[in-house]
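J.: Below, each chain spelled out in residue letters.
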Amino acid sequence: MRSIELLRFATGAIIAHPMRSALTSLGVVIGVAAVVMMTSIGLGAQQRVTSTIAGLGSNLIIVSPGASRGGAGGGGGGFVMGAAGSGQSLKDADAEAIAKQVENVVAVAPVVRGQAQLTADGANWNSRIEGVTPDYLLARDLSIASGRMFDEREARQGRKVVVIGQTVARELWGDLDPVGRRVRVRSVPFEVIGVLESKGQSSFGQDQDDVLLGPLEAVRSRIVGRRARGDTVQTIYVKAVDADSLDRVQEDVVNLLREQHRIRAGDDDDFQTQNMASILQASQAAVATFTILLAAVAAVSLVVGGVGIMNIMLVAVTERTREIGLRMAVGAKRSQVLIQFALEAITLSLAGGLIGLLIGVLGAIAVAKLGSWPVAIPPWAGPIALGFSSLVGLVFGAYPSWRAARLDPIEALRRE
Amino acid sequence: MIEISDLRKLYVMGEEQVAALAGVTLSIGRGENVAVIGPSGSGKSSLMNILGGLDRPSSGVYRFEGEEVGAFSDDELAEFRRRRIGFVFQSFQLLPRLTALQNVELPMIYAGLAPRERRDRAAEMLERVGLGPRMGHKPTQLSGGQQQRVAIARALANSPDLLLADEPTGALDTQTGHEVLALFKQLNREGLTLILVTHDHDVAASTDRRISFRDGLVVSDERGA
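Chains as they are written, first to last, in this note's numbering: chain A, 14 to 429; chain B, 206 to 430.
If you're looking for bench data, these hints aren't it; they were derived computationally from the structure.
It is possible that some hints are incorrect.
If you want the ones that stay clear, here's a sample from chain A, every Cβ over 10 angstroms from chain B, calculated [as the list claims (entries may be wrong)]: (1) E167; (2) D190; (3) S348.
Here are a few chain A residues that face chain B, going by a calculated C-beta distance under 10 angstroms [to be verified]: (4) M14; (5) F22; (6) E165; (7) L327; (8) V328; (9) R335; (10) G338; (11) M341; (12) G344; (13) K346; (14) D421; (15) P422; (16) L426.
Selected chain B positions facing chain A (Cβ under 8 angstroms, derived; list incomplete) [what the hints assert, rightly or not]: (17) A283; (18) F294; (19) D405.
Glycine is no exception: its CB is placed at the ideal position from the N, C-alpha and C atoms.
Just chain A, same shape as in the assembly (with noise of 0.2 angstroms):
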């Protein structure tokens, strides 16, 4: 006979029986919806804590004050950002002496940072500061918008100049040109010379557009200096030429800075290096691990759908006992019998599972409209959403279909 016909003997039966055929799909119906849901949002917190990293520069060792945990070489377990700024360890020397000795480097770029309230043209509004170097556009890759950078000339000098992020501009000017307008800074007077291109949001709500950036010296001794020494700083950001020479970098940093604050082997380094690869694949891996738990979680609900579809099977195998005496008895063999079956278990199973993954991909596309949670729908959810729940019916049909085959035809004829 042709295999087409037993799938139609399939079908036929579920149609029959449609709102016990509906049930015994929901149990698959929720699992593969749950699993496609997890895996997407998991996925997308995956890609935009990726995206935030990359945000902050590629290529980047992050050089803070403070105590490291591991001494020489330690980094990869934080990810504090320029928090730990209580520290007054790092020097302008540091920069100096990293810049100049340290191989691989394409940008070193130290920062202070401070909050301040900005007054222009009657307009208030409060900003981060930061004092940077014209190379901290290049370690955390960032671009210019309109007007331009200060350059290292006017750094030196600390020249009141500063580049202003988006959101600055548009609180203080909404949509006029800032470019060569006055901002005063905790009182103190600067001139706009550029706006940035804007970054948007990082993942954790902090908007990257709400900054000042001015010359290092100048934000040092007029707005921040007030708590810190003459020439410290919260950060250093160096820059190494590709992602290979990351980890060499960090190390010579390390072994650089150690000599420059006379720290004895044994002792405790007094300033943390933290390299954006590892941190990137630390916190990757601790999403991933999320990721499964719940994708795990999902799947427990879809190992209980395939109970279900066994209990309805073996319901039906009874049920039918005596179609199948019958279908034995006008010449089904045995395996037809149970092809059959399996083939009506299976079906039920992917119809749940492609019902499943449409809710689970309308769920994960509603979460992200609504919740704006970041989601990410996986490309191989759908082989996999569909694989899967033809697996469940193929495994938990298993049995019910081989009961059905072996019933003794005079036997089942007989049933009442």
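Take the given structure of chain A and dock chain B to it, following the hints.
T.: What follows is chain B alone, placed relative to chain A:
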């Protein structure tokens, strides 16, 4: 066509061994119209199950057209039933989901006939048993006699060598029972070999040969109407 010698069928019931068939020797020729008679427990149903390839004998020989059916595998038995045997049951055994036409098509699906071909043949069989106008009806929309006619049409679908009927009139009133028996007689006249299993002597009287069973053994074998 059928050669049986010293056929036995044993069942274990608790501690005891019960012989449903205790050494039966028989031969039935092509085109015969035979009734197998006996009270319940006489072994006639066991004989029918073995003749139809639904069961295997415990010992003895069953040859069908020279083939040793007792030695067939499960799959060979399935093919034997499909090609050689048409079953008619007391309780009709129609699938309630399917129409009369679809019920008759069923054996032909397992035989691998194309949809078009089997639909035409099923319609032809239903015409032959006098149910042409009702082929789209479901079993529940048909009377008992009509249902049994559908079952007979189904039994004829794959052109069997042997029609095996187990109490075919048991669930019917006398009038429709006679109509069904008349149909059998007509099919037999057209050349079909027929074995009718019954406990009813009136039903048996409609056949040309009556084999009586008691306690798993043949007690009489009469010919003539």
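J.: All hints, please: hold or fail.
T.: Here is what the structure says about each hint:
1. Against chain B, the non-interface label of E167 of chain A holds: every CB pair exceeds 10 angstroms, the least being about 87 angstroms.
2. Distance check for D190 of chain A against chain B: the nearest CB is about 77 angstroms away, which clears 10 angstroms, and the non-interface claim stands.
3. At roughly 8 angstroms, the least C-beta separation between S348 of chain A and chain B is not larger than 10 angstroms, which violates its mark as non-interface.
4. Here the hint on M14 of chain A is kept, as its CB sits about 4 angstroms from the closest CB of chain B, short of 10 angstroms.
5. Satisfaction of the interface hint for F22 of chain A is found here, the shortest Cβ-Cβ separation to chain B being roughly 8 angstroms, below the 10 angstroms cut-off.
6. With its C-beta approaching chain B no nearer than about 86 angstroms, E165 of chain A sits outside the 10 angstroms limit, and its interface hint is violated.
7. Look at L327 of chain A: its Cβ only gets to about 19 angstroms from chain B, farther than 10 angstroms, so that hint breaks.
8. Interface restraint check: V328 of chain A against chain B, minimum CB-CB distance 16 angstroms, threshold 10 angstroms, status violated.
9. At a threshold of 10 angstroms, the smallest CB-CB gap from R335 of chain A to chain B is about 7 angstroms, leaving the interface hint in force.
10. Taken as an interface hint, G338 of chain A checks out: its beta carbon lies about 8 angstroms from the nearest beta carbon of chain B, inside 10 angstroms.
11. At about 7 angstroms, the closest approach between the beta carbon of M341 of chain A and any beta carbon in chain B falls short of 10 angstroms, and the interface hint on this residue holds.
12. For G344 of chain A, the interface hint holds, since its Cβ comes within 10 angstroms of a Cβ in chain B; the closest pair sits about 2 angstroms apart.
13. The restraint placing K346 of chain A at the interface with chain B holds, with a minimum CB-CB distance near 4 angstroms, inside the 10 angstroms limit.
14. At a threshold of 10 angstroms, the smallest CB-CB gap from D421 of chain A to chain B is about 8 angstroms, leaving the interface hint in force.
15. Evaluation of the P422 of chain A hint against chain B yields a held restraint, the C-beta minimum of about 5 angstroms falling below 10 angstroms.
16. The beta carbon of L426 of chain A is positioned within 10 angstroms of a beta carbon in chain B (closest approach about 6 angstroms), and the interface hint is therefore held.
17. Among the interface hints, the one on A283 of chain B holds; its C-beta lies about 4 angstroms from the nearest C-beta in chain A, closer than the 8 angstroms criterion.
18. For F294 of chain B, the suggested interface contact is upheld, since its CB lies about 7 angstroms from the closest CB of chain A, less than 8 angstroms.
19. The beta carbon of D405 of chain B comes no nearer than 20 angstroms to any beta carbon in chain A, farther than 8 angstroms, and the hint placing it at the interface is violated.
Consistency note: the structure conflicts with the earlier hints numbered 3, 6, 7, 8 and 19.
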